[in-house]
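Got chain A; can you put chain B on it based on the hints?
Those protein sequence lines, which keep their order, are chains A and B. Numbering of the first sequence is given in numbering that gives the first Met the number 0, commencing with residue 0 and proceeding in unit increments. Numbering of the second sequence is given in numbering that gives the first Met the number 0, commencing with residue 0 and proceeding in unit increments.
Don't take every hint at face value.
[Said to hold, decoys possible] Heads up, incomplete: computed chain A residues facing chain B, CB under 10 Å, no partners named: (1) Leu-54; (2) Ser-77; (3) Asn-114; (4) His-136; (5) Glu-158; (6) Ser-160; (7) Pro-163.
[Said to hold, decoys possible] Using 30 Å as the maximum straight-line C-alpha spacing, the simulated DSS-like pairs for lysine-lysine come out as follows: (8) Lys-155(B) x Lys-204(B); (9) Lys-265(A) x Lys-233(A); (10) Lys-87(A) x Lys-155(B); (11) Lys-198(A) x Lys-274(A); (12) Lys-91(A) x Lys-155(B).
Bear in mind the hints are in silico, worked out from the structure with no lab data behind them. Even glycine gets a Cβ: it sits at the ideal position worked out from N, Cα and C.
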Amino acid sequence: MKENTAYTLQSNWPKIGHGIGLRSDHWTVIQETRPAIDWLEVVSENHMDTEGRALTILEDLRRDYPICCHGVSMNIGSTDPVNKDYLKELKKLIHRIEPPIVSDHLCWTGVDGANSHDLLPLPQTKEVIDHVVNKVHQVQDFLQRRILLENASTYVAFEHSTLPEWEFISEIAKRSGCGILLDLNNVYVNSFNHKFDPKQYIQFLDPECVGQYHLAGHIEKEDFLFDTHSREVKEEVWDLYRLACRRFDHVPTLIEWDADIPPLEKLLDESQKAKEIEHEQAQLVLA
Amino acid sequence: MNKPNLSLRELQSLFLHHLQQGSGDDIPSLRHAHRFFAYGNGYWIRFEDIIESVFHLTKIVFSQNIVDLTRQALTRHPSTHYSVDQIGLNFLAYLENDLDWKKEKKQMILDLARFDWMMNEMYQEPFSSPIDLQQMTTIPPSDWDRAILRLQPCCKIVPFSWNLFDFHRKETYDLEKIKEASLDLLIYKDRSQGVFFESLEPNEKVILQALKNGESLGSALSNTTQATQEEIQGWFSKWFDYGLFVGIDFHREV
Chain A
0 MKENTAYTLQ SNWPKIGHGI GLRSDHWTVI QETRPAIDWL EVVSENHMDT
50 EGRALTILED LRRDYPICCH GVSMNIGSTD PVNKDYLKEL KKLIHRIEPP
100 IVSDHLCWTG VDGANSHDLL PLPQTKEVID HVVNKVHQVQ DFLQRRILLE
150 NASTYVAFEH STLPEWEFIS EIAKRSGCGI LLDLNNVYVN SFNHKFDPKQ
200 YIQFLDPECV GQYHLAGHIE KEDFLFDTHS REVKEEVWDL YRLACRRFDH
250 VPTLIEWDAD IPPLEKLLDE SQKAKEIEHE QAQLVLA
Chain B
0 MNKPNLSLRE LQSLFLHHLQ QGSGDDIPSL RHAHRFFAYG NGYWIRFEDI
50 IESVFHLTKI VFSQNIVDLT RQALTRHPST HYSVDQIGLN FLAYLENDLD
100 WKKEKKQMIL DLARFDWMMN EMYQEPFSSP IDLQQMTTIP PSDWDRAILR
150 LQPCCKIVPF SWNLFDFHRK ETYDLEKIKE ASLDLLIYKD RSQGVFFESL
200 EPNEKVILQA LKNGESLGSA LSNTTQATQE EIQGWFSKWF DYGLFVGIDF
250 HREV
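With the rest of the complex left out, here is chain A (with noise of 0.2 Å):
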């Protein structure tokens, strides 16, 4: 197993404090009005292949904010091979923006070419262990930087799973020198679609491995929870970013919105909320 490339080398974690995800439906009002965020994220597929208003729009806003890479397309879970092609667009979006966190999810989106465009769930297995941390391995060398893995959220499981999810995405960031992007809104929603305790996962999780972490809304459907981002981050996921913020120490906190996207102060006024509960928490852990 490949240990300790000279990316892997660098553990720590840029500290850029609290962002939002940057959509279509804001780009002019932070373009006129450059609100005091810290950082902003964007889905890379959004922004890669295109020379238009997509593109020039991070051309001109990252003068004034780092700006962060976080991909849907990855199909990191797949049996597929790596997507070179995929791979040398991602790059070239690097190149130009510069982020200082480029991120994607645990989970595969498609196989024998064909795509989903959807996060969909892996058995949490040994096998698949190794085979995730072969691939990324070859995506950390391709863009010769580490990435983080978020945990997405899942409807479904295997029965043939033989670990927790903290268990398996924490063997994956330490064997492949990846860092876990943490959404405590999925850690949530699947601690009630397969009945764990979400503190649990937080506190089995290596503080070295949290890189960043993303905040956001669900819907309750008949038995089970629906990310959705579409709405405010509930009381209980705040609950976990409580946990979260005592255990880690200030690490990058996005809040994301995907549907019914509401005016920015919304998104604004719960990035502030996150600021304030980090600041009391480290206060409380201070005292």
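Then chain B, alone, in the frame of chain A:
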């Protein structure tokens, strides 16, 4: 533990196949299979949203049937690109190769769909800083034969065989009412980065096409003798207002 007698690749292939059917009942080892619809519904809605947002004119023709058409197209030509936006090409391939329709109507639908896709492609083109009209008016007529106006890449002139202006703002349309026409359309991205189209007058098209082909200003103007000076000034004023020109090069005397 109920380990399926399948490799990871086989399990993923089966999962993906079932997404199109909407039921995960036959996937071995799947817990909470009754929730599989959450993935199945999302699979189609994602594609439908993209098709409806790109194929504006085509949607008017098909109205609500575009949902069924999208499903047929994506079943026949599944997405294979990492960008979901590229499924527009799969949709075009379906209309071109698989749609069972009367020949003359099929041609019209194909033309509309290609036009919609071209508008989408134009949106992805770069828009460079344009020059203003004053910069052109400083060129003395004696230099017109060596002055080359460079156009934005996000500007195309395309022939079109149907009267777009009859129906492009309507919600629904009777196919039988769409009339054949011979149009030359200017498709362009303006300073707002929005993509627009308009019909060109015959003489207007001759001048703009010549400039786009790299002919000098003098040569482009000499291609038409029927337009009045006021018409020509009006066209240039409009084109500069859109930001169509990005520079002026001067070639040596011919």
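- Any of the earlier hints contradicted here, and which numbers? 4 and 7
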